[in-house]
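K.L.:
Here are the chains, one letter per residue:
Number of protein chains: 2
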Amino acid sequence: MKLTILFGGASFEHEISIVSAITIKEKLQKHFDLSFVFCDTDHSFYLIEAEKMQAKTFSSGEYKKLPQLGLGRGRFECKRMFKKIEVDGVVLNLVHGADGEDGTIASLLDFFDINYIGPRTDASVFSYDKRYTKWLCEAKGIRYVKYDVLYADEQKDVRFDFPLIVKPARLGSSIGVSVVKESEELDYALDVAFEFDDVVVVEPFIAGVKEYNLAGYLADGELHYSIVEEPQKQEFLDFEKKYMDFSRSEAVSKAAIDAALTNELKENFKNIYLDMFEGALIRCDFFVIDNEVYLNEINPIPGSMANYLFDDFPRAIEQLASSLPHRKRAKINYEYIHNISAAKGK
Amino acid sequence: MKLTILFGGASFEHEISIVSAITIKEKLQKHFDLSFVFCDTDHSFYLIEAEKMQAKTFSSGEYKKLPQLGLGRGRFECKRMFKKIEVDGVVLNLVHGADGEDGTIASLLDFFDINYIGPRTDASVFSYDKRYTKWLCEAKGIRYVKYDVLYADEQKDVRFDFPLIVKPARLGSSIGVSVVKESEELDYALDVAFEFDDVVVVEPFIAGVKEYNLAGYLADGELHYSIVEEPQKQEFLDFEKKYMDFSRSEAVSKAAIDAALTNELKENFKNIYLDMFEGALIRCDFFVIDNEVYLNEINPIPGSMANYLFDDFPRAIEQLASSLPHRKRAKINYEYIHNISAAKGK
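Chains as they are written, first to last, in this note's numbering: chain A, 1 to 346; chain B, 1 to 346.
FYI, nobody ran anything at the bench for these hints, they're computed from the structure. Be aware that a few hints might be false.
One copy or two, either will do: identical chains are not told apart, so a pair holds if it fits within one copy or between any two.
Unchecked claim - Derived SDA-like pairs: lysine to any residue, alpha-carbon spacing no greater than 20 angstroms straight-line: (1) LYS146 with PHE160; (2) LYS270 with GLN155; (3) LYS79 with PHE45; (4) LYS181 with LEU324; (5) LYS79 with PRO67; (6) LYS79 with SER44; (7) LYS210 with HIS31; (8) LYS331 with HIS43; (9) LYS146 with LEU28; (10) LYS210 with LYS266; (11) LYS266 with GLU297; (12) LYS210 with ILE227; (13) LYS140 with LEU190; (14) LYS331 with ASP198; (15) LYS266 with GLU230; (16) LYS84 with GLY70; (17) LYS146 with TRP135; (18) LYS27 with SER249; (19) LYS79 with GLN68; (20) LYS83 with GLU264; (21) LYS65 with ILE206; (22) LYS84 with GLU154; (23) LYS331 with ALA55.
Using the sequences and the accompanying hints, generate a full structural model.
P.N.:
Here is the structure:
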């Protein structure tokens, strides 16, 4: 089966997308006919040979010597004088953060009728912006940590007691995130967060909370779940720690939790996933506070696709690639224009 | 000032977008250096000469003989052997319905750094899908009519008394919408709605409700409002009636309402618009029920841009075109890749 790994993008997560793609190559190259399409920070696409899939190809700018691609109907392509390159496999959208997770790439691929694994435009909008994830939870009856929203151009007091956690609204990978223990530290934490986004989300920071990650996808009409992982915790994962996380490929052990909690996590996952995330393999990060499950965040394109949580990751990707949603297309017959022209007598 | 009217799209509203564009041409051609870019139902773009801006150019397929355009950095363009066409004005997104209002075109234009008037991707998602508009209202404390959601593949009873109004979740222009007076009519109404979408929204139908429309946009740091209109009511506007609406260009009279209600409508508009619809001229359709203002729907690309509600429509477009939002772009220096490569000793 042909599979095109699309990675890079003009986002703060550009580099971790490269790391993710290199990891995915290792996990999938025996099972798929892989192509690699790199989106650079100028939004140009390049076809990267498998043996060039190393960090230095990108950091050195060497990728610019490789074939540049355009978007064509159902594929990436390059038309040159004497040869034509066509990259027409199902795309695995591995562009983390802006472009990849905010709905831009999803829309682009939809517009050009390119089949892809990844969140659709609306699913992207709800998972990328931390405010909208809260709205989604509210609408679906899923517990979430209470929050305040601060805008760069306004003066507003935070209504929670310390400690707090301060996050740019639209960035993943812990970039710009701070835990603030006392009021003296707040201004600096806000300055850091506003470096990355004009909108900042502030939540009470709950020390010692239990955290569980669960990934899954819909294929052949049913949800397929990964194991539940209890991630290694520091106070919270900073960017460098998370960065290394994007290259994870070793299987992890199941969290030591009972069947009831496992089921409750799955029920919450299902509630989030259905009617929104079809076509994507997502990872939901949950908190358990006073025996209640809370959604912390949705990763609609998790680092290296959370491969380490699945027993048979290549099979998961294959199943998903064969169960992708398709958009309803309108058929246009110009009936109304004909009617109205007739009515107007022209 | 150059302005590119982008219209068409692969949606049920394809034809009304053509009507809208022809109307806009009449309203703006004296004030702007206009270009017309047509997106056909195959998602190919064509440059349409001003004198060819007639319904029959499209219904006859004649547009296919005109120059085909591609997307380039900051513009539409056509590279041919001996001449190069560049269409680089600010784009006015006039693609109604799917593509134009669901975030696809917004993402496409953002990706190619083309400046445009119209809703951004997230604003599109929240206004296009009637479910998400309700979620937006809930989050922002705006009143909305209670609702139920039905999916094509499920059996579920509607929990409201008749009469009801049945609407496809993701279509504008009253397509597929029915008022259902008694239970015998419900199945047929649902069949009609499910023709257009797999998701249907059902609301109690409130007869004789007062309806008011208000349009506006943010420019130079402040909101500019249109007059408030009380639309001519039939039971509800059906598609043919609305279709004619998209060609409206005659100024209308102000609704006969007092200053208090006008202000309340403006406050509701402001609450909806800010932090989401920047860059767009939108029209909000409100209900007044028992003296309370309810949001009925958001039109993020209203028919012919609701030109008839503005005293000086060309000036509105000019102001808006000069106040468009720009995305924060990440700067990538490959610092992490360099650090990690150094740590690994390679």
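K.L.:
If a hint holds in the structure, say so; if it doesn't, say that too.
P.N.:
These are the hints, each one checked on the structure:
Taking the shortest alpha-carbon separations for LYS146 and PHE160, only the intra-copy value of 9 angstroms comes in at or below 20 angstroms, while the best inter-copy value is 32 angstroms. Taking the shortest Cα distances, LYS270 and GLN155 sit within 20 angstroms of each other only across copies (19 angstroms), while inside one copy they are farther apart (39 angstroms). For the identical chains of this complex, LYS79 and PHE45 are neighbours both inside a copy (13 angstroms) and across copies (19 angstroms), given an alpha-carbon limit of 20 angstroms. Taking the shortest alpha-carbon separations for LYS181 and LEU324, neither the intra-copy value of 45 angstroms nor the inter-copy value of 38 angstroms comes in at or below 20 angstroms.
In this assembly of identical chains, the alpha carbons of LYS79 and PRO67 lie at most 20 angstroms apart whether taken from the same copy (10 angstroms) or from different copies (19 angstroms). For the identical chains of this complex, LYS79 and SER44 are neighbours both inside a copy (15 angstroms) and across copies (17 angstroms), given an alpha-carbon limit of 20 angstroms. Proximity of LYS210 and HIS31 under a CA criterion of 20 angstroms is satisfied in neither setting, with 36 angstroms inside one chain copy and 62 angstroms between copies. Taking identical chains as interchangeable, the C-alpha atoms of LYS331 and HIS43 lie at most 20 angstroms apart only when they sit on different chains, with a minimum of 13 angstroms there against 32 angstroms within one chain.
Taking CA atoms no more than 20 angstroms apart as the test, LYS146 paired with LEU28 passes in neither setting, with 40 angstroms inside one copy and 48 angstroms between copies. Proximity of LYS210 and LYS266 under a CA criterion of 20 angstroms is satisfied intra-copy only: 16 angstroms inside one chain copy versus 45 angstroms between copies. Taking the shortest Cα distances, LYS266 and GLU297 sit within 20 angstroms of each other inside one copy (15 angstroms), while across copies they are farther apart (34 angstroms). In this assembly of identical chains, the alpha carbons of LYS210 and ILE227 lie at most 20 angstroms apart only when taken from the same copy (16 angstroms versus 54 angstroms across copies).
In this homomeric assembly, LYS140 and LEU190 never come within 20 angstroms of each other (Cα to Cα): the closest approach is 30 angstroms inside a single copy and 23 angstroms across copies. Taking identical chains as interchangeable, the C-alpha atoms of LYS331 and ASP198 lie at most 20 angstroms apart only when they sit on different chains, with a minimum of 16 angstroms there against 41 angstroms within one chain. In this homomeric assembly, LYS266 and GLU230 come within 20 angstroms of each other (Cα to Cα) only inside a single copy, at 14 angstroms, whereas the closest approach across copies is 49 angstroms. In this homomeric assembly, LYS84 and GLY70 come within 20 angstroms of each other (Cα to Cα) both inside a single copy, at 12 angstroms, and across copies, at 18 angstroms.
For a Cα distance limit of 20 angstroms, the shortest separation of LYS146 from TRP135 qualifies both inside one copy, at 11 angstroms, and across copies, at 17 angstroms. In this assembly of identical chains, LYS27 and SER249 lie within 20 angstroms of each other by CA distance solely inside one copy; the values are 7 angstroms within and 60 angstroms between copies. For the identical chains of this complex, LYS79 and GLN68 are neighbours both inside a copy (10 angstroms) and across copies (16 angstroms), given an alpha-carbon limit of 20 angstroms. In the homo-oligomer, the alpha carbons of LYS83 and GLU264 never lie at most 20 angstroms apart, since the shortest distance is 55 angstroms inside one protomer and 63 angstroms across protomers.
With identical chains, the CA atoms of LYS65 and ILE206 are never at most 20 angstroms apart, being 49 angstroms at best within one copy and 64 angstroms at best between copies. Proximity of LYS84 and GLU154 under a CA criterion of 20 angstroms is satisfied in neither setting, with 53 angstroms inside one chain copy and 47 angstroms between copies. For the homomeric pair LYS331 and ALA55, the shortest alpha-carbon distance between copies (17 angstroms) is at most 20 angstroms, but the shortest distance inside one copy (46 angstroms) is not.
Taken one by one, the earlier hints fail for this structure at numbers 4, 7, 9, 13, 20, 21, 22, listed in ascending order.
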